[in-house]
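As given, the protein sequences belong to chains A and B, one line each in that order.
In this text, residue positions in the first sequence follow this note's numbering: the first is 1, and each later residue adds one.
In this text, residue positions in the second sequence follow this note's numbering: the first is 1, and each later residue adds one.
Do not take every clue at face value.
So the derived label-pair ranges between C-beta atoms look like this [claimed, not checked]:
{"#": "1", "chain 1": "B", "residue 1": "Leu193", "chain 2": "A", "residue 2": "Asp412", "range": "34 to 40 Å"}
{"#": "2", "chain 1": "A", "residue 1": "Phe351", "chain 2": "B", "residue 2": "Glu194", "range": "37 to 43 Å"}
{"#": "3", "chain 1": "B", "residue 1": "Glu35", "chain 2": "A", "residue 2": "Ile56", "range": "57 to 63 Å"}
{"#": "4", "chain 1": "A", "residue 1": "Ala418", "chain 2": "B", "residue 2": "Ala39", "range": "54 to 60 Å"}
{"#": "5", "chain 1": "A", "residue 1": "Ser365", "chain 2": "B", "residue 2": "Glu177", "range": "40 to 46 Å"}
Hints are computed from structural coordinates only; laboratory data are not their basis.
Values in this document were obtained by computation on a predicted structure and should not be read as measured data.
Built from N, CA and C at the ideal position, the CB exists for glycine as well.
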Amino acid sequence: MDEIRRVTVLLLGAPFTRRARRDLRFCAVGAITGVPGFTVIAVTLVLALAFSASVIGAIVGLLLAAAAVGIACRLGAAHRRALWRATGERVSAPAPPQAGRGEPRRLVRQLIGRLRDPDGWRSVEYAALKLPVAVAEGYAVAATVIGLVDCAYPLAWVAFGNRPVGSNMKPLKVLFPVDHGQHWVVKTWPGALTTALLGAVCVLVGVWLARVMTLLDAWLIRSLLGPSRVSELERTRAIAVEDAAWALRRVERDLHDGAQVRLAAVTLNLGMAREKADNDALRELLDAAQAQVRGALADLRRIAGGIHPPVLDAGLADALASVATACPIPVRIRADLPERPSPAIETMAYFCTAELLANAIKHSSARMIEIKIDSERMHALRIRVADDGVGGAAAHRGSGLEGLAKRVSTVDGTLRVASPPGGPTLVTVELPMRIRGGGT
Amino acid sequence: MRVVIAEDAAVLREGLTRLLADHGHDVCAAVTDAEALRAAVSAQRPDVVIADIRMPPTHTDEGLRAALAIRCGFPATGVLLFSQYIETRYVARLLESGTGGVGYLLKERVGDVADFVSALERVAAGGTALDPEVISQLLHRPDPGLASLTLREREVLALMAEGRSNSGIADELVLSEGTVEKHIASTFMKLSLEPEPGGNRRVLAVLRYLRE
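This is chain B alone, in the form it adopts within the complex (with noise of 0.2 Å):
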């Protein structure tokens, strides 16, 4: 995977690259801010950038107009937004750049690496990936669809919205692959969602419901 950073805080972008490098993934390019980030995606192409938010100049959201940008531009390349907050109006603005290659992950997730790397790789391969801090924040709002969910069905829907597919959630919530599409179709029911098959889709689905 040909990966491409932008962060302007040294440590982390050197941390960021050494552990990528560890796991055998290729850091082609490892960047300051936006202006660079764009002319870095240009001449390598990557697979999947990982991007700051908040960078120079202005240190508000240049990221996040990059990689709407790079959505538009540069279609094959995936986006992770790497940020110290989560700002649901970020999520959704990313989520409407289109479907699938997008990702927002607070930067401690990075602590934990092997779902860090998943994630990125999800996001290199089209899929999305959002931070459970996401969902929880909406997973809030009043609803009675929602209240109608049993708790382990909340759990299925939080990680299906995080971007997860069927395999990973039975994975994580130590289920067989049987009893998490049961609890999928259940939820989808009760939310009355159609229950699509592609992941990102479903992922699509579960935010604009959350959203609405």
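Bound conformation, chain A alone (with noise of 0.2 Å):
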């Protein structure tokens, strides 16, 4: 019995709730803006095809499309906001595109991010769909409006009769959100109060429509114009090596300015003391100890070279020239990078690089290294490493090269492997200036 009553209260009272103004005002912004929305859409697009008919007119077409999901985008934008008024739900926006790599010019690079951007056009996907939500929308704010003035009847019956006096206005017509094909005029007290009570029940379907379509809308805003699964992923990766590269960095610092001044500032008081020492016995002792922090800061040198080598601050190229160095075969590097990678790509190319070093020296008996590093090709790092040796490298399974294109992939990056036997071998490694979905 209270199951009932509650039910019922809830079923007659939702007129009377907040939250049925809110649904009823979110359905009018989503039926004015998705309508029209979808419209410019649409014609866009069918003119950018149009157009894409001829050569010429394919580039007025690409135009139009970008234009067209540029507009979606911005709608999107709308209706998440209008989302968050009605409802408080925050659906985030997904990442902005891409800029398209590889093309100088910055409007054409747009251009083709933007017509690469798969968020973009999930909005387009999101305008379409709407279009038949907007008009359910709308005619759920349409009943409600026509439901409320059916309601007003009673009222305009005691105050005029059927018509105001004196007026030659026709009399009252009931308003009836379905088109039945007749008109229904109120003529007595009875009458009007029967419209009165189609009125609220024409108010009753608005506001459960209302209610129906914001949940149904909100749905389709959080599974279009969100950031998509594969797009929060990204993002959540870029984040993940990026701070960790970052925390290395932080370890590297924090030994550099604790640990070795220490051991430094402990090796300085060694010295004095041994200055002063006055006799054999105890300046063995001393001499020992210095042995000993010496090799101490000689192991942390190492740690921290392996954690996150210093002269990396001053560039790729750099760090490679000082790996290079100390290498027993000749190693000749070629650098080409007008614009450094992200901190996070920088180290791990860094260690990569300093592997496939390490491989050449240890297997392929050559001659001469060559290393290669530029970033023209596609926007992407690029880094060579060639050797003259005898060749016979490959990515099997449980290899150093396997393990390296692994950790390369972590980023989408690639690494390929050229080395018939004999030589020469060619290794191959492409990185992303950027992690994608990271911030610039």
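Two chains, each in its own frame: build the complex with the hints.
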């Protein structure tokens, strides 16, 4: 019994809640923006297709398509805002489109980025699906408004009868949200009451429809206008990778500013103590201590260099040149990097190249190693390590090269090995300049 | 000898100041970053500067950049870079800045006080002082010339590259100066280097050879 009463109150009381007003407002905004929005986007896309029929028109077509995607993104932002105001649910915006790579002109780069942005096309998809939703939302609002007008008829009847006195207006018509082919006119007091009852039903229908449409639209916005699963994963991966690189740098810096400084101060004090030492036994002890501290400092230097070589701050080319100077095989480095990759990529590129270099020294019996670094093609960082050794290197299971390939693939990089038996060997590593989904 | 120290770790800054004062040198300023170092050098015109490579604000290579600027602006002031690690790239840039009046030592070298002070004096006098680590990294290079050197000749070459004089090398290896001269002549011949009289040009010749 209680249950039935509760449901009845819930059903009939819905129009009097704040939520109903918010749903209706959201539906009104959705209907007003959704229908024209879809029309504009659809017309632009159809025009784009039409223009693309000819070769010259294809350029205009691409521009129009990009414009359509742009409009869809803007509208998407408006819809996300509307949803936030109506329901308090915040759907975060997807990452901005990545500018096209390897294209010198900024405008063209942005155009390519726009056209290849999957999130942009999802906005277009939303705009298309939104059309029927927007119509339904508009209907919900219309039904509610009509219902409210109908509810006011008894008042009008009390005030004017079925028409204002002295006027020659037609009798009041019953408004109805469904076109049933007939016009009902209010002529009697019970008729006015019936109309009011009908209006109340219309309001109820409108309010509940508004609620359903709001929920449906919210789901659509969440799944099409928010970040996609892939872009969300890319974003969090970029955060994880950059965070790890940053943490390693901090460890290195802490070592440098902490333990290493303290140990250097110990050597200084031991040295001064030795100068003041007045017997050989004491001097011997101090020398032994000094040797231990030096050993500890050398260990720390090696560890710090394995975490983040300080010279990497001066750039990849300098850091690799430093590695090369300590190589027993002559290494020639040619670097052409107009811009620096992000720190995490730089660190990965450094350790990869150092490992490739070590591999070449260990296995190739080469007389000459050449490292080329550039970023021309497709705006990616490309590192080529070539040697004139015996060849036969392969990224088979369990090999060091396979490990490198795996490591590189964590940031969408690739590693290719060309190493026929008898040589020469060429290993090409390609890394993005920045991790996709990460900040700039 | 008037010295300016730039080192952001207080314990080392104070330790160095005390050590140099004990040896009768005048530390006229001890600062913590590159900006202050440049100001101190232009105000004090010291004989020599001891500069850490990594200093605030970016903790990368501001010490090196300040050193190069000082070598350029105040040729009479020698610069000794003082660091936790040896980067041969930095050595190269330092030596490209001109002849002499430069040094690059690991911080732990201060443990051998006499050696450290004499290296500092050498730099102040326009000579060169390079860390043995630099030389040992460079000596890894494969080279028929280097391979033909005897062990003793390699030792002499390393000390020469550090910036030591003939008598300094003789003391270190407990040899007579004449023997050292003979080793040097033979080394230069094997590496096809022109023997040059000035200590510093000798260092440069050796390093240029090692870096080729």
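Verification of the supplied hints:
Distance hint check for Leu193 of chain B and Asp412 of chain A: the Cβ-Cβ separation is about 50 Å, which falls outside the suggested range of 34 to 40 Å. A beta carbon spacing of about 41 Å between Phe351 of chain A and Glu194 of chain B agrees with the range 37 to 43 Å that was offered as a hint. At about 59 Å, the CB distance of Glu35 of chain B to Ile56 of chain A agrees with the hint of 57 to 63 Å. At roughly 56 Å, the beta carbons of Ala418 of chain A and Ala39 of chain B sit within the given window of 54 to 60 Å.
Here the CB-CB span from Ser365 of chain A to Glu177 of chain B is close to 43 Å, well matched to the stated 40 to 46 Å.
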